[in-house]
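J.: Residues in the sequence shown are numbered consecutively from 31, following my numbering.
There could be a bad hint or two in this list.
[As the list claims (entries may be wrong)] Restraint ranges, calculated between C-beta atoms of paired labels, are given here:
| # | residue 1 | residue 2 | range |
| --- | --- | --- | --- |
| 1 | G140 | P76 | 42 to 50 Å |
| 2 | G250 | P141 | 18 to 26 Å |
| 3 | P191 | L273 | 18 to 26 Å |
To be clear, the hints were calculated from the coordinates, so they are not data collected in a lab.
Given the structure is predicted, the values throughout are model-derived calculations rather than measurements.
All C-beta atoms in this analysis are idealised placements derived from N, C-alpha and C, irrespective of residue type, glycine included.
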Amino acid sequence: MMILGILCFTLMDATVKALAPRIGVLPTLWARYAGQMLLVVILIAPRLRRVVRTQYPRLQFLRSLLLMGATGFFFTGISLIPLGDAAALMAVNPVMITLGAALFLGEPLGPRRITGIAIAMIGAMIVIQPGSGVFSVYALLPLAAAVCYSAYALLTRRVGPDEDVWTSLFYTGLVGTILLSLAVPFAWVPPDATSWMLMAIAAVFGTLGQLFIIRSFSSGEAAMLAPYSYTGLIFATLWGAVLFDEIPDRWTLLGALVIAGAGLYVWHRETYRQ
Numbered sequence: 031m032m033i034l035g036i037l038c039f040t041l042m043d044a045t046v047k048a049l050a051p052r053i054g055v056l057p058t059l060w061a062r063y064a065g066q067m068l069l070v071v072i073l074i075a076p077r078l079r080r081v082v083r084t085q086y087p088r089l090q091f092l093r094s095l096l097l098m099g100a101t102g103f104f105f106t107g108i109s110l111i112p113l114g115d116a117a118a119l120m121a122v123n124p125v126m127i128t129l130g131a132a133l134f135l136g137e138p139l140g141p142r143r144i145t146g147i148a149i150a151m152i153g154a155m156i157v158i159q160p161g162s163g164v165f166s167v168y169a170l171l172p173l174a175a176a177v178c179y180s181a182y183a184l185l186t187r188r189v190g191p192d193e194d195v196w197t198s199l200f201y202t203g204l205v206g207t208i209l210l211s212l213a214v215p216f217a218w219v220p221p222d223a224t225s226w227m228l229m230a231i232a233a234v235f236g237t238l239g240q241l242f243i244i245r246s247f248s249s250g251e252a253a254m255l256a257p258y259s260y261t262g263l264i265f266a267t268l269w270g271a272v273l274f275d276e277i278p279d280r281w282t283l284l285g286a287l288v289i290a291g292a293g294l295y296v297w298h299r300e301t302y303r304q
């Protein structure tokens, strides 16, 4: 579920990268949240009263703000730097999730998990290639997104066992839609037919990705799931090459292999440990 969620999010990111130059980042962000809200309301309409009840209204509001911040920072980032570079910088979030889970959720942080995270970070550094043009002022945007997303993931883990997944999905869409609807009129650009289509695609992938991520963090430990976030680097590099002619070099491919290997190592050790 974690990998499926990351796949959907990278497809949403690729769609946003194509959409943002056409209508701007803020309307793109609004379309992602308003579209999600519409889809969720349609799906939960028969049991709306039950879904809107939450045991953690403050935590739901805070996690919704954090995800909106992460999405806003990242959408702005991918409109300014290559998709693969932004994904590489965003890849610091699994480390933050793992450390945060140990510090705040009391989850164990054993040597296998530390090893997997360290190897994955080495792979991320191979992709980034320190000293290259990716380290610009715009690179701070995906890093800010990583901080927000990590805090969001930890809060999702906190409320997960006690909340319906649809409740978390509902409040994520509701908070973002309300706040962005207040701001979007000041930056609105009338979309053409292609833009409307891209807006709908972004909303569908964003909603599916959110659903898969919530279910994964509700069912599994945050520290164990964290390395799988690195698969986003592979997906983002692929979409950048196929859709935007951002051809990865040999270091990007090597880093992607290292990252995937680290995730598979953690999965194998956690699944087949003696």
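J.: All hints are to be evaluated individually against the structure, with a verdict given for each.
T.: We went through each hint and held it up to the structure:
1. Our hint of 42 to 50 Å for G140 and P76 holds, since their Cβ atoms are close to 44 Å apart.
2. Checking the proposed 18 to 26 Å range against G250 and P141 shows it holds: the Cβ atoms sit about 19 Å from each other.
3. The given range of 18 to 26 Å is broken by P191 and L273, whose C-beta atoms sit roughly 38 Å from each other.
Going down the numbered hints, you'll see the structure goes against just number 3.
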